[in-house]
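Colleague: For reference, the chains in residue letters:
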Amino acid sequence: MRCEDYQARLLEHLAGELDPEAANELVSHMASCPACREARDRTTRLWQALGTLPVPQSPAGARARFDEARERQARRRSPGAWLRMAATLSALLLGGVAGFAVRGWVSPLGTPSATGSSPDSPQFLLLLLESTAAPSVEPERQAALVREYGAWAEQLRADGRLVSAEKLADDDGLRLGAEGPAARGSPDALMPAGYFVIRARDYAEATELARSSPHFRYGGAIDIRAIEPT
Amino acid sequence: MRNPLESPSDERLMHAAIQGDSGALGVLFERHHADVYAYCARILMDRDAAADLLQETFMRVHRYRHGFSGDSRFRPWLFRVARNACRDHLSRASKRTSTEAEWLRDRPLPASEAPSDVIVALEQALARLPADDRELLVLKRLHELSYAEIATIVGCSEGAARVRMHRAFARLQQACLEKERVT
Numbered sequence: 002m003r004c005e006d007y008q009a010r011l012l013e014h015l016a017g018e019l020d021p022e023a024a025n026e027l028v029s030h031m032a033s034c035p036a037c038r039e040a041r042d043r044t045t046r047l048w049q050a051l052g053t054l055p056v057p058q059s060p061a062g063a064r065a066r067f068d069e070a071r072e073r074q075a076r077r078r079s080p081g082a083w084l085r086m087a088a089t090l091s092a093l094l095l096g097g098v099a100g101f102a103v104r105g106w107v108s109p110l111g112t113p114s115a116t117g118s119s120p121d122s123p124q125f126l127l128l129l130l131e132s133t134a135a136p137s138v139e140p141e142r143q144a145a146l147v148r149e150y151g152a153w154a155e156q157l158r159a160d161g162r163l164v165s166a167e168k169l170a171d172d173d174g175l176r177l178g179a180e181g182p183a184a185r186g187s188p189d190a191l192m193p194a195g196y197f198v199i200r201a202r203d204y205a206e207a208t209e210l211a212r213s214s215p216h217f218r219y220g221g222a223i224d225i226r227a228i229e230p231t
Numbered sequence: 034m035r036n037p038l039e040s041p042s043d044e045r046l047m048h049a050a051i052q053g054d055s056g057a058l059g060v061l062f063e064r065h066h067a068d069v070y071a072y073c074a075r076i077l078m079d080r081d082a083a084a085d086l087l088q089e090t091f092m093r094v095h096r097y098r099h100g101f102s103g104d105s106r107f108r109p110w111l112f113r114v115a116r117n118a119c120r121d122h123l124s125r126a127s128k129r130t131s132t133e134a135e136w137l138r139d140r141p142l143p144a145s146e147a148p149s150d151v152i153v154a155l156e157q158a159l160a161r162l163p164a165d166d167r168e169l170l171v172l173k174r175l176h177e178l179s180y181a182e183i184a185t186i187v188g189c190s191e192g193a194a195r196v197r198m199h200r201a202f203a204r205l206q207q208a209c210l211e212k213e214r215v216t
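Each protein sequence line maps, in turn, to chains P and G. Quick note, in our numbering, the first sequence goes up one by one and the last residue is 231. Quick note, in our numbering, the second sequence goes up one by one and the last residue is 216.
Careful, some of the hints might be misleading.
Said to hold, decoys possible - Okay, the calculated bits of chain P under chain G, using three or more residues with CB under 8 Å as the criterion:
1) 25-39
2) 43-51
Claimed, not checked - Here are some, though not all, of the chain G residues that point toward chain P, as calculated from beta-carbon distances under 7 Å:
3) 62
4) 71
5) 74
6) 84
7) 88
8) 92
Simulated from the structure, these hints should not be mistaken for lab results. Please read all numbers here as calculations on a predicted model, not as lab measurements. Beta carbons are placed, not taken as given, at the ideal position from N, Cα and C, and that holds for glycine.
Produce the entire structure from the sequences given, and follow the hints as far as they go.
Modeller: As structure tokens, then:
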């Protein structure tokens, strides 16, 4: 073995990770090689100095801050508007809409007979984004909120524009194969909360339909993406 | 050292956290927050950011607890979560990273213990290294992790972790030599 091979084993030796046979071989080589002894001394000095670096001490109150953050998140994730919206959408999609009150909402595009989309119209994904910092909705306001979202969804359905809709689970999900988006996990990140697939002529019409959503009144945002026809 | 007969392992606590035991995560925080903070502070060279990243790391552990595999070791997984949080932070705030001088000034030292020249020179040399090198050195020397654990954390093979550690150490030696030449 050459000197550089022995020197390459010095770190493992210092960390106690060399097997006894290799360690003995290294030690006996060092005894007879001044150049390797010098390398060993240099490496040892730096290795030991590294081990004496001061360890940064975590700030006082870190545990309390963590507990508070978890409590805040639990409050934010408590069953609220989106949970109700999910039930509403499920009912809509299953056709169980009889008697559902649709009041005070007018389609921006008129009646289905005037504007209705055909099954061949392009499809668009409306990805509803919710601010993780948005305050949860007061219980007394939840019913009104459900009615607003429900009316919007029902009008899309009545116009023949609604292809599908689902609420996403109240967690942050996972991303594989790449680092998460920069804003992910930050206090005011916009996270996907649900989606609608609708039919519209073009982006302009899809945008107009999206703008009529009550979502914007609650600090939400909507990503609009055309779905590639297959 | 914990008595394994008296206190549950990290992995067992994670399993409890997955089952909804919120207290289990608190115990894990108590056990590991000092290490996570020290790691973040060394990688970012920014104590305020490290305090935030400590919180962010454990919030991610809470959020992604279902992604913890039952046959994994908790500690490397935790460091990997911390690493991802640090990388996200660096990509967001690359323009705001503290300079070496700020890091040194920021480092509070016990009043009775003035920094030796060796430590100051080493801190400065460490600060000049790329963050990836610093990370390897910190994981190996300060946290005394095995190459298998480091490989899990940084996402490479054990052999590659060993090679990268050797290169990082060689660059640190070089940086120290250059420092000696200047002073």
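Colleague: Checking against the hints above, which ones are violated?
Modeller: Going through the list in order, the structure violates hint 1 alone and respects the others.
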